[in-house]
Structures are given as C-alpha cells and as structure tokens.
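> One line per chain: the protein sequences are A and B, in this order.
Position one of the first sequence corresponds to residue 1 (the working numbering), numbered consecutively onward.
Position one of the second sequence corresponds to residue 1 (the working numbering), numbered consecutively onward.
Hints in this document: simulated from the structure, not taken from any laboratory.
For every residue, glycine included, the Cβ atom is placed at its ideal position computed from N, Cα and C.
Wrong hints could be hidden among the right ones.
[Said to hold, decoys possible] Below, in silico cross-link-like pairs of lysine-lysine (DSSO-like), each with a Cα-Cα straight-line distance of 30 Å or less:
1. A:Lys229 <-> B:Lys326
2. B:Lys229 <-> B:Lys326
3. A:Lys198 <-> A:Lys229
4. A:Lys75 <-> B:Lys198
5. A:Lys75 <-> B:Lys75
6. B:Lys229 <-> B:Lys198
7. A:Lys198 <-> B:Lys326
8. B:Lys326 <-> A:Lys75
9. A:Lys198 <-> B:Lys75
10. A:Lys75 <-> A:Lys229
[What the hints assert, rightly or not] Quick list of the computed label-pair ranges, beta carbon to beta carbon:
11. B:Asp81 <-> A:Gly205: 21 to 31 Å
12. A:Ala45 <-> B:Thr194: 45 to 55 Å
13. B:Pro214 <-> A:Gly334: 55 to 65 Å
14. B:Gly341 <-> A:Gln139: 47 to 57 Å
15. B:Gln72 <-> A:Ala208: 19 to 29 Å
16. B:Lys75 <-> A:Gln139: 47 to 57 Å
17. B:His17 <-> A:Glu33: 25 to 35 Å
[What the hints assert, rightly or not] Chain B regions said to be covered by chain A (calculated; three or more residues, Cβ under 8 Å):
18. 222-232
19. 239-253
20. 297-309
2 protein chains.
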Amino acid sequence: MSSSPIRVALDAMGSDHGVDVVVAGAAALSREERPVRVLLVGDSARIGAALSRERYDPAWLQIVHAEGHVAQGDKPREALDARTGCSVATAARLVAAGEADALVSAGNTGAVILSAADHFQRLPGIRRAALAAVYPTEQRHGPRGDPFALMLDVGATVQCTAEELVGFAVMGSAYARIISDNERPRVALLSNGTEPTKGTDAIVGAHARLRGLPGVNFHGNVEGLDIPKGTVDVVVCEGFLGNVVLKMLEGITEVVTDLARDAASRKLSWKLGLGILSDGLKQLHAMADWKQYGGAPLLGFDKVVIKAHGRSNARAVRNAIKVAAKAVERDLAGQIQRGLGGPPVV
Amino acid sequence: MSSSPIRVALDAMGSDHGVDVVVAGAAALSREERPVRVLLVGDSARIGAALSRERYDPAWLQIVHAEGHVAQGDKPREALDARTGCSVATAARLVAAGEADALVSAGNTGAVILSAADHFQRLPGIRRAALAAVYPTEQRHGPRGDPFALMLDVGATVQCTAEELVGFAVMGSAYARIISDNERPRVALLSNGTEPTKGTDAIVGAHARLRGLPGVNFHGNVEGLDIPKGTVDVVVCEGFLGNVVLKMLEGITEVVTDLARDAASRKLSWKLGLGILSDGLKQLHAMADWKQYGGAPLLGFDKVVIKAHGRSNARAVRNAIKVAAKAVERDLAGQIQRGLGGPPVV
C-alpha cells in the first residue's frame, strides 16, 4: 500500500536467548520476498558478530549502535533512568523522530512500555495503553480461520476504569481487524457471568457503554470457559486478570507437555501411542506455540509497538517484525481512531 | 472421633441431573462400611420413588419433606423469598436447629450461599464467606500425595478487601489440613508477580498481614503459571478472579477432550494412537474429573456447608457427603478459629 518501504527499529538486546536469535530473525526476513527495512539497535560489535554468522541481504539491514540495555530482571524505570542511551530507548527515539515506523523488542516488558510512554504520544480518546496477546483457541477466527484470539490488557495495567476497558475494546477490535483480516471482530468483556450486571463496577459500566458504541461489534460478557473455546475474537479485561489468565495458559501448555513426556518415559504403550500420535501432537503443540504469532502489540500510542516474547526464537522475531510492518501498512492508529468515532466514549 | 454418628442434611433437589442421582449417592453410601446418617430433604414422593429403585440401608437414610426447590436458573434471593419452605432452606434450618451437623447441596450455588447466610452464624473474625474449589494440579499435595490443590474464593464474593483475603487464607489452610491431612499447607495469594508489592491494593495489604500471621504457612504470591503446576496447596484470590480461573480450567478440560475426540474421528493413526494411550488418557481424565473431589466447601460459617457441582453424578454426591462428615468430625470451625489465633487479623 505505502510506496516507501516500512522501517522497523528492532531492539536487538535483552532477549532471553541473547542477540543472536534476534539478529537471526531479522537476517532471515531480509532474504524473503517481501522484506522489511530493519534498524538493528544495540551493541554494534555484538550485532555485527551475530550478523557475520548469518546469511542476509545488507540492503535491508542497518546497525544503529546503542550503549547498554535493560535486562529481563532489571527494574525498568531505574534501568531506563540510569542508561538513557540504552537499546530500547534509542529504538523508541528513532521511531519518535520518524527515522523508523515501528518499535519491536523482545526485551524487558516494563522497559518497552515505559519507553513508549516516554517517547510516543497517547492516541486521542485513549486513557491507558494496553498490551494485547494472541492465544490459541478451539474455535477459529476471521475469514482466514486463524486458530487464535486476542486478549487485552495482559499487563500494561493492573486495575482499570470502565472508560479504560472501553478503550481496550476499541483498540483490540482495530488490531484484530488488521491482523486477522476480520472486518467485524466479535469483542467481549471477561466477567463472572454473561448478564450485563455481572462483574466489577468497571465491567458493568464498560458493558453499558460498549452497547452504545457502533464502532465495536460487542458480544457482551464472556466467562472463563469461553477463553480456551474462543467464543469471541477479542477478550477485554483489566491487566491484572489478563496477566493471570495468560500465564495460566502458558502453565497449562507446560504441564500437558510434561505429563506426556513423563508418561512416555515410563510406559512402552504410552511411548508407542505417542509415537503414532506424533504428527497430531506436533500440530497441537504448534497451535499452542505463541512464538509463531509474532508478539504482543502495545496499543494506545501513535506509533506501532510490538513486544516479542522474551523467549522468542528467530522465527518469532521475524514474525514480530512482519506483524509490526503490517500494522503500520494498515494504519493501526487510524483504525483505532475510527473505532472511537460515533458517540463519544467518555 | 465423635461417638454419635454424624448427620448430614442433603438437599435432594435442584441438581442438573435430578433427584435420582442425589438419592443414588446417599443410598450407595448407606451400604458402605463407614456410613453417614443422611436426611434426604425435598419432595418426599419423588425421593421415595427414587429410593425404591436403589439398594440402601434404611437405618442411615431418612426423608424430610420440603415444598418446592430453587432451580439452577432461578434468581436465588427471589426464589428463596417466594418459597420459604423449599428444600435448601429446610435443610439449612435442620442444621441450624441442631438436627443435622452439615448441609450438602448440588443445587443453585447462590441459593446455598444465601441459605447459609440466612440460617448460620459467621465465624468470629471472618468478614466474608468464601467458596473453595479443589482442582487438579501437576504437583502432588500433602502426605497422601493428593493430585489437587484448593482455590478460594471461587464465587461467593466479587471484589475483596485485604482483610477478607486474609480470612480466606486462614479458612483455606484449615480446610486443606482437614481434607488432605496436610499439617502445614502452603498458602499463597494469586497475583501478577511474586514480589510483595505486586497486585491490587487488597493483595499488597493481605500479603503484608499474612507475613505476620503464624497460623498460616504463607508462601507469598504465586502467578497464573503456578495454578496448573500446583506450586502451593491453597491459592487465595477474590471471587471474581477465582470464578474466571475455575471456569477456564473447566473449559480447557473440555477443549482437550474435544480435540482428542475430533482428531481420533478423522485419522486412523490418531485412532490407533489414542487406543494405545487409552489407559493413560483415562488416568489424566480422572485427574481432571472434579466430580471425584466431593464438591466445594462454603467456608466462614459455624456450620459445615458443601456445595456439590450441579452436574454431580451419584459418586460425586456420595463424596460430598463424606467430605462434609469429615469436616464435622475434624472440627472445621475450630480449626479456622485456631488459624486466626496469634496476632489479630484486623
């Protein structure tokens, strides 16, 4: 759609697996049919060394040196204040200055959120940013039948007002439209019952407002049962709840994998059974493999921000860059603004 | 321990599967080696008819007629006010009057909670009652290696204060001690991070108070990941969150079952694989089968109340009665009082 190529500022540091996998993801993308211009931001010596071990198209990659980075265990605010020129802050500044169109990082989540808040503008009508995550569901979504739904907020906030939840619904709807080509994504509030009166005051208030908002295809409330089933395309909740739910989904994936491995190691018939099932299990595992989905968008700013999982492999980093480029190309911020149109949200 | 046999008032009405399964559960227990005296409360004609189809020991069963009942879809307060002599209210009155020691019901959850509030006394030092649920975990618990942990509140409350969460921790600890013979059950607050400062104000406040409460073996905060893993024996949270988490666990069990069935119907190798795995799958399924665990205790009153799942089968009803008797025998209310001892909770 846009004539000039999209440029992504990629924080090359701070991933759990180090610089190499991040650089490998960008390198792989540079050799593809529809590459994205990537600024690799971080320790230039380490990025250069990592690049030297990869095959890549130099026309699409550029190293931007930055001094220091925020590690996964660091306290984000303290680290950013102590290392003002660190990789994630430098990448955010490049985007704010118009030298790149989107920020992608597999680093410390808090540092990504704070860097966005420090350097980008919040969209008009949006009170709080939200981190959205895609997660696997039984039901499929959108015209392409994507096997995942979107949930937000999963950690940029703790508790939220009704108005903030309405903003999340609008943003989640816009993002699902872009990412799943889903023109009217079904959006719901996560509550302890489907009735409009169920839940916290914030949920009850948001429910009433969303009923009157034409920009959102509001499905009402959903319950815990509906999360794995995937009854709706976008699940809206406060960050505290989203964090618990998302980590629980990760935990269950790990437990099922552990149980299967453990059982297989003990009993021959299990081993045989799992062998026969292996193709199918791979398929299930792929469905549950967040790494393929390209990271979580931080929604609410005038710039596109994608937080890739700290444990991202090269493929996940590549996907996060592609997702960021798609969000820029399809004008995520504009979509959110249009979703807020109609009756005022406040 | 006690010399006279324990008597349970069993609300025979209002289960999803009708009177028959509830009566069948009581009948089965009456023939066992350590029976419990059960008052079957409800429509005497229907209970009598159901009993006539079962083998049972009449020395242990008695029918108490009650007019009307609260159905699963009814609004609890309205239904109880309209049908003051209904089965669950009558059963609660029998317990309040000392004619039975515990209330068991597979009926409308709200009606069970309200009947308890109407007829029983809240324990000194406990501000709110909580509904606790057992759920399957990867790790085992207590000296018997029980494959389940306890979570509360899962639906008697929506939002809670710090003080109420502390009360839940004490009650959950007492219940785990009784039900799993676990002398020092590990208790934790469910939050969005392990640090004492993480979570809502109520969680941060409860964390600080629990650190100073010797009656509780406080493990700190756990996260969503720890729920399926079973890192602790008792998970404490407000009712809104507990409701979402518990329903999500149920939903995931259903989704996994659906996926396996669906895959098996499509592909021969899957069918073969599942066949070979069937013993193991049965074992996994059993682990995930709440029905075996005998229902959810409603904690915080001077009387023992067990809410069996609405979809309980006869075995689940039998287990709920046994659990109720065990809680009476081991003095649940006294255990909770002892847990509150030490520094005052307020």
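> Hint by hint, work out which the structure violates, then give me just those numbers in ascending order.
1, 5, 7, 8, 10, 12, 16, 17 and 20
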